[in-house]
Each structure stands twice: as structure tokens, then as C-alpha cells.
Amino acid sequence: MSDSGVAWEAVIGLETHVQLGTESKIFSAASTAFGDEPNTHIDPVVCGLPGTLPVLNRKVLEYAVKAAMALNLNIAEHSKFDRKQYFYPDLPKNYQISQFDEPIAEDGWIEVEIAEKGKETYLKKIGIERLHMEEDAGKLVHAGSDRLSGATHSLVDYNRAGVALAEIVSKPDLRTGREASEYASEIRRIMRYLDVSDGNMQEGSLRCDVNISVRRGSEAPFGTKVEIKNMNSFSAIQKACEYEINRQIKAYESGESVIQETRLWDEGKQLTKSMRSKEGSSDYRYFPDPDLGPIEVNSDLREKWRSELPELPATKRHRYANDLGLSIYDARVLTDELPMAEYFEATIKLGADAKSSANWITGDIAAYVNANRLNFDQLLLSPKYLAEMLEMIQSGKISGKIAKEILSDLITKGGSPKRIVEERGLGMISDQKVLTSIVKDLIVQYPNEVDSYKAGKTKLLGFFIGQLMKKTGGKADPKLANQIITKCLLD
Amino acid sequence: MSQITPEDVRKVAKLARLELQEEKITTYTSQLEKILAYVAHLEKVDTEGIPPTTRAVEVVNVMREDTAIGTDVREEIINQAPHREDSFYRVPKIL
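From first to last, the protein sequence lines stand for chains U and G.
When you line the first sequence up against our numbering, it's residues 1 to 491, in that order.
When you line the second sequence up against our numbering, it's residues 492 to 586, in that order.
It is worth saying that the hints were derived from the structure and are not from the lab.
Cβ coordinates follow ideal geometry from the N, Cα and C atoms, glycine included.
Do not rely on the hints blindly, as some may be mistaken.
[What the hints assert, rightly or not] Subject to a maximum C-alpha distance of 30 Å in a straight line, what follows is the list of computed DSBU-like cross-link-like pairs (lysine-lysine):
hint: 1; chain 1: U; residue 1: Lys-440; chain 2: U; residue 2: Lys-397
hint: 2; chain 1: U; residue 1: Lys-384; chain 2: U; residue 2: Lys-397
hint: 3; chain 1: G; residue 1: Lys-502; chain 2: U; residue 2: Lys-470
hint: 4; chain 1: U; residue 1: Lys-384; chain 2: U; residue 2: Lys-459
hint: 5; chain 1: U; residue 1: Lys-80; chain 2: G; residue 2: Lys-584
hint: 6; chain 1: G; residue 1: Lys-515; chain 2: U; residue 2: Lys-225
hint: 7; chain 1: G; residue 1: Lys-515; chain 2: G; residue 2: Lys-525
hint: 8; chain 1: U; residue 1: Lys-84; chain 2: G; residue 2: Lys-525
hint: 9; chain 1: U; residue 1: Lys-355; chain 2: U; residue 2: Lys-117
hint: 10; chain 1: G; residue 1: Lys-515; chain 2: U; residue 2: Lys-139
hint: 11; chain 1: G; residue 1: Lys-505; chain 2: U; residue 2: Lys-229
hint: 12; chain 1: U; residue 1: Lys-225; chain 2: U; residue 2: Lys-304
hint: 13; chain 1: G; residue 1: Lys-515; chain 2: U; residue 2: Lys-80
hint: 14; chain 1: U; residue 1: Lys-229; chain 2: G; residue 2: Lys-535
hint: 15; chain 1: U; residue 1: Lys-93; chain 2: U; residue 2: Lys-119
hint: 16; chain 1: U; residue 1: Lys-225; chain 2: G; residue 2: Lys-535
hint: 17; chain 1: U; residue 1: Lys-139; chain 2: G; residue 2: Lys-502
hint: 18; chain 1: G; residue 1: Lys-505; chain 2: U; residue 2: Lys-225
hint: 19; chain 1: U; residue 1: Lys-93; chain 2: G; residue 2: Lys-535
hint: 20; chain 1: U; residue 1: Lys-413; chain 2: U; residue 2: Lys-304
[Unchecked claim] DEER-style ranges, computed between Cβ atoms:
hint: 21; chain 1: G; residue 1: Glu-539; chain 2: U; residue 2: Ser-235; range: 53 to 61 Å
hint: 22; chain 1: G; residue 1: Leu-533; chain 2: U; residue 2: Ser-235; range: 22 to 30 Å
hint: 23; chain 1: U; residue 1: Gly-268; chain 2: G; residue 2: Glu-534; range: 40 to 48 Å
[As the list claims (entries may be wrong)] Only part of the chain G face toward chain U is listed, based on derived beta-carbon distances under 10 Å:
hint: 24; residue: Glu-510
hint: 25; residue: Lys-525
hint: 26; residue: Glu-534
hint: 27; residue: Val-550
hint: 28; residue: Met-554
hint: 29; residue: Thr-562
hint: 30; residue: Pro-583
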């Protein structure tokens with residue numbers, strides 16, 4: 001709280017770079033493979049050698065337009081590429097081919113669901129300024145030290161140079177670190193649903209830069225903006241924002257000023273620190289790239305690509321909660337990754353109950369998938385057999401306890417639950433005669449307990465149920481067992 | 492008509508990473524001035540009602556298929572750099 005009595009408010013915007021998952025680079029046929037020997041995937045176009053001509057990769061345009069559509073952006077009918085000039089050794093040509101004043105798409109939004117422990121979950125619409133296509137830069141390795149400041153020289157690897165990127169710029173609509181990380185993870189989820197990027201943050205396929213300032217109350221003008229880089233997880237985005245918000249508030253409250261700068265998130269120390277400015281001037285001298293012709297996406301192409309979009313995560317979340325009656329939490333967990341959502345949908349399509357399917361899938365099955373680093377589309381337990389097992393529980397053929405017991409075999413070995421239950425004789429005993437005869441034996445075996453029960457110690461019902469379960473290996477139909485025991489004890 | 496100042500020349504040289512000797516700045520200032528005056532003839536053309544373009548050739552949507560093709564000139568390309576270290580380019584440290 002400031003001395004003026006108005007609470008501080010943070011204003012956050014994100015610039016997200018998404019590597020588009022094409023086989024070749026944006027303007028040349030060099031491969032985009034990750035993790036190869038340095039400078040394996042270079043060619044004269046990537047390195048901007050004289051006489052070369054960049055040509056746009058058709059798939060890049062398709063992926064960028066689909067991504068833009070999923071973010072509710074307006075697709076430009078006319079778009080072009082520009083050169084952004086700056087000198088840095090990660091850029092082989094000393095200019096980056098990007099889009100300046102005519103990006104492929106502008107003015108959209110996404111809805112994010114902000115769920116935080118101990119707080120009420122809420123929905124928020126986050127505006128998106130634009131999406132544009134550009135080429136990635138190479139990678140620098142600072143030699144002579146593990147830290148840049150102690151390096152004697154740098155080594156350059158251009159394997160990543162020229163890989164296609166979609167840069168997505170949000171409006172300054174985010175207010176907390178949590179909102180920022182949720183926004184970024186929703187962008188990643190959407191890109192993965194579209195299958196236009198793997199969104200792998202560790203490998204740098206998804207990178208977020210945060211712009212952040214604080215002000216006194218929501219009516220005040222924006223404060224000085226600081227850029228933070230180097231977060232390689234969603235929790236790092238949240239923590240970096242939270243750290244930076246506090247740092248700026250403290251600075252203002254102690255009478256210091258906040259300077260416009262780029263700061264790096266230090267994951268080890270959990271703080272942001274000032275990075276020396278990359279270049280004195282930010283005069284990029286953009287101009288239209290004379291090597292690349294304009295792009296026109298006509299309505300036929302737009303409609304074709306729009307028709308190929310999958311159902312998106314936010315739509316799925318709403319449908320699961322509103323139409324299938326799942327909790328907001330279950331809807332969120334099930335839709336986080338498309339293979340899980342597809343597995344769930346295949347299961348309920350076969351008639352399985354949505355709520356119990358959700359419980360099994362997000363519970364025991366997800367635990368197995370995660371522990372073994374599998375994907376839902378690699379599971380031996382097919383939706384068909386899961387639906388079969390759920391039907392057996394519902395119709396009383398097996399108990400939930402037996403289902404849990406056979407689940408690990410179903411998951412690791414596959415096969416039909418019906419067959420497993422038959423082979424091992426695990427089916428529930430729901431035969432009244434069989435159960436009654438066992439109960440009668442028990443009554444003979446425990447006369448003292450029967451007397452106590454009759455004398456009013458009704459808690460002993462549990463004892464008899466336990467004994468019956470022991471005798472039947474847990475297979476007695478619990479409802480029926482309860483009825484029979486109660487009846488026999490009173491006889 | 493725009494006026495080129497020695498300050499403009501220094502700025503352009505700095506952005507282009509060119510080191511200029513002081514006496515050259517005067518020379519380039521007047522030369523750049525002349526170039527701009529020459530190009531300024533174009534301003535006399537009546538462009539009323541003509542949409543702006545960024546190119547002389549009318550092409551649109553020139554694209555290639557997404558196929559990765561390796562190159563056999565990798566070594567030659569790397570060898571053109573002033574310094575290499577194994578398969579890396581080696582550059583002075585830049586902060």
C-alpha cells in the first residue's frame with residue numbers, strides 16, 4: 001500500500017516466441033532438427049551469402065495463420081516481410097527477416113482460467129495485439145567461463161538461425177504473475193492442440209519475454225516498463241513477475257526510480273538482475289525486404305484452414321463442465337494435453353459414464369502415464385477396455401476394489417478386463433444362496449459376537465462384513481452382503 | 492527537401508558499424524546531400540490515386556514446399572569466417 005493509500009497494481013504484457021514445427025527453415029531448405037553438431041544445418045540462404053534468395057516455406061504461413069485463428073486474431077489480407085537491422089553475432093546476416101507494420105494477424109484474444117490454491121478460480125479475457133512471422137537467431141556459447149562476464153570469446157552455432165517463429169504479443173492486460181504464467185501456458189496448450197509447435201520450453205521452442213511496470217491504482221498512467229527474459233518454465237514466469245513487481249514497488253516507495261532496462265531472471269538465485277544493454281541504439285531501421293514478395297491470404301484459403309482447426313482447449317473446458325457435468329478442476333486436467341482429452345472422449349463415446357471415466361483417467365491412469373513418461377495414445381489399456389471395465393463396475397460384476405487390482409495388469413499388459421476377471425475368478429459374488437450359506441457358517445463360528453450384536457452392539461455388523469470379505473477374497477457384492485448379514489443376525 | 496547534417500552522418504556510420512575519420516564526415520555529408528537531391532526528382536511525379544508499393548515486380552505468394560534438403564557446402568561456409576573453433580564460428584566476446 002502506498003502512502004497515497006491506493007494499492008499498487010502491476011501491468012504485464014508478454015511477448016511469446018513460438019517455434020513452428022516445420023521440417024525445414026522459414027526461408028530455406030536447411031533442416032530444423034534440434035541437438036545436432038553445431039552449424040550442421042546452415043546453408044548459403046541461412047548465412048545470407050551474396051546471390052542467395054530466401055523463399056517462404058508454405059507450411060510456415062499455414063501454421064502462423066492457424067495459430068492466429070486459434071487466438072481469435074484478424075488475418076491480414078495483405079502482409080509483407082521486413083528487415084530488422086542490428087549487429088549481434090547470433091544473427092548471420094546482420095538483419096533479421098521479420099514483419100513490422102503489416103503483420104499476418106492483429107487484434108485478438110484468448111480466455112484463460114486462473115486457478116490458484118486457496119483462491120476462487122476465475123476466467124479472464126486477455127487481449128492479443130498481433131502475431132507475426134520471423135526467423136529465429138543462432139545460439140551463442142560463451143567460452144572461457146560458464147558466465148558471460150568471465151568469457152574470453154564466444155562461439156556461434158547457427159543451427160537455430162532461420163527456424164520459423166511466430167511472435168505473439170499480448171496486450172498489457174495481465175495483472176499478476178499467476179495470470180502471466182496461465183496466459184503463457186494457455187498459448188502453449190493451444191499451439192500443441194494445433195500441432196504447430198511442440199512448445200518445449202527447455203529446448204527453447206517456446207520463449208517468453210515479460211514487460212512489466214507498476215502503478216498506483218488502475219486509473220494511474222503506466223509506470224516505467226522493464227523487460228525480463230530468461231524464464232524457462234511457467235513457474236519461473238510467475239516467480240520472475242512476482243519478484244519484479246515487489247522490486248519495483250520497493251524502489252518507488254523508498255524514493256528511488258525504476259529505469260527502463262532488460263533484466264534477466266536468475267533461476268538459481270530466484271531474482272532478476274540488470275543485464276547490460278544489448279545495443280546503445282534501438283534504431284532497427286526496418287524496411288521492406290526486397291527479396292520477398294507480399295503475402296495474400298484469400299478467403300478460400302482462410303476458410304480451408306479454419307475448417308481444419310481442432311476443438312480448442314477453452315471450448316473443451318466449457319463443454320466438459322457445462323454439457324458433461326464435470327467439475328472445473330476435472331475439465332481443466334482432462335483438457336491440458338490433447339491425447340488425454342481424446343482418450344477421455346473415446347471412452348465416453350463407448351457409453352462410459354463421464355464422471356467415473358474422468359476419475360479413473362485423471363487418477364490411477366494418469367499417475368501411471370506420468371510415472372512412465374508415456375503419452376495417452378501409447379497406452380495398452382485402450383478406451384474400449386476402460387469402458388468395458390467401467391461397465392462391469394457399474395453393473396455390479398466387479399467391485400471398485402477389484403477394478404483397481406486388475407488395472408495395473410490392464411495398463412501394462414493390455415487385454416480385456418472381462419477376460420482377466422473370468423480367468424482369475426474375480427467376478428463379484430452376487431448369488432444370494434452362496435452368500436447366505438457363508439454367512440450362516442460365520443454365525444455358527446462366532447456365537448459371542450452374534451449375542452453382542454443382538455444385545456445392541458450393532459457396530460459388529462462391520463466385523464461380520466469383514467469376515468465375509470475375507471472368506472470371499474473381497475468379491476462379495478457389498479450391498480447384498482450387508483442385507484444378508486443384517487437379516488441372518490436378526491433371525 | 493531534407494538537410495543532411497554531420498550528426499546524421501555520424502549516426503548512420505555508427506549504426507552501420509563504420510569508423511569514419513573526421514575529415515571524411517564533411518565529404519560524406521555533402522555527397523549524401525547530393526544523392527538525396529538526385530532522388531528528390533521523384534517527388535515531382537504525380538502519385539495522386541496510385542497505391543503505394545514496395546517493389547517493382549508484381550509477384551505474390553511465392554512459396555516453397557516444406558522439405559529439408561542438406562547442403563554439402565557447410566565446411567566451405569564455415570571456413571569463410573575469420574575464425575572458427577571446431578565446427579563453431581569464433582567471435583570476440585560480446586556483452
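Against the structure, the hints:
1. U:Lys-440 / U:Lys-397: 24 Å, holds
2. U:Lys-384 / U:Lys-397: 17 Å, holds
3. G:Lys-502 / U:Lys-470: Violated, at about 89 Å.
4. U:Lys-384 / U:Lys-459: 42 Å, violated
5. U:Lys-80 / G:Lys-584: Violated: U:Lys-80 and G:Lys-584 sit about 34 Å apart, past 30 Å.
6. G:Lys-515 / U:Lys-225: At roughly 40 Å apart (the allowed maximum being 30 Å), U:Lys-225 and G:Lys-515 break the hint.
7. G:Lys-515 / G:Lys-525: With Cα atoms ~15 Å apart, G:Lys-515 and G:Lys-525 stay inside 30 Å; holds.
8. U:Lys-84 / G:Lys-525: Measuring from Cα to Cα gives roughly 27 Å; hence the hint holds.
9. U:Lys-355 / U:Lys-117: Since the Cα atoms of U:Lys-355 and U:Lys-117 sit roughly 23 Å apart, the hinted pair holds (cutoff 30 Å).
10. G:Lys-515 / U:Lys-139: 37 Å, violated
11. G:Lys-505 / U:Lys-229: 27 Å, holds
12. U:Lys-225 / U:Lys-304: 41 Å, violated
13. G:Lys-515 / U:Lys-80: The hint is violated at about 37 Å.
14. U:Lys-229 / G:Lys-535: At roughly 48 Å apart (the allowed maximum being 30 Å), G:Lys-535 and U:Lys-229 break the hint.
15. U:Lys-93 / U:Lys-119: Since the Cα atoms of U:Lys-93 and U:Lys-119 sit roughly 50 Å apart, the hinted pair is violated (cutoff 30 Å).
16. U:Lys-225 / G:Lys-535: 44 Å, violated
17. U:Lys-139 / G:Lys-502: 29 Å, holds
18. G:Lys-505 / U:Lys-225: 27 Å, holds
19. U:Lys-93 / G:Lys-535: 35 Å, violated
20. U:Lys-413 / U:Lys-304: 42 Å, violated
21. G:Glu-539 / U:Ser-235: 53 to 61 Å: 58 Å, holds
22. G:Leu-533 / U:Ser-235: 22 to 30 Å: Violated, since G:Leu-533 and U:Ser-235 (Cβ atoms, about 56 Å apart) do not stay within the stated range.
23. U:Gly-268 / G:Glu-534: 40 to 48 Å: Cβ of U:Gly-268 to Cβ of G:Glu-534: about 58 Å, so the range 40 to 48 Å is violated.
24. Glu-510: Violated. Min distance 14 Å.
25. Lys-525: Violated: closest Cβ of chain U sits about 22 Å from G:Lys-525, beyond 10 Å.
26. Glu-534: The hint is violated - G:Glu-534 has no Cβ within 10 Å of chain U, the shortest such distance being about 19 Å.
27. Val-550: 4 Å, holds
28. Met-554: At about 4 Å, which falls below the 10 Å cut-off, the nearest Cβ of chain U leaves the hint on G:Met-554 intact, so it holds.
29. Thr-562: 4 Å, holds
30. Pro-583: 6 Å, holds
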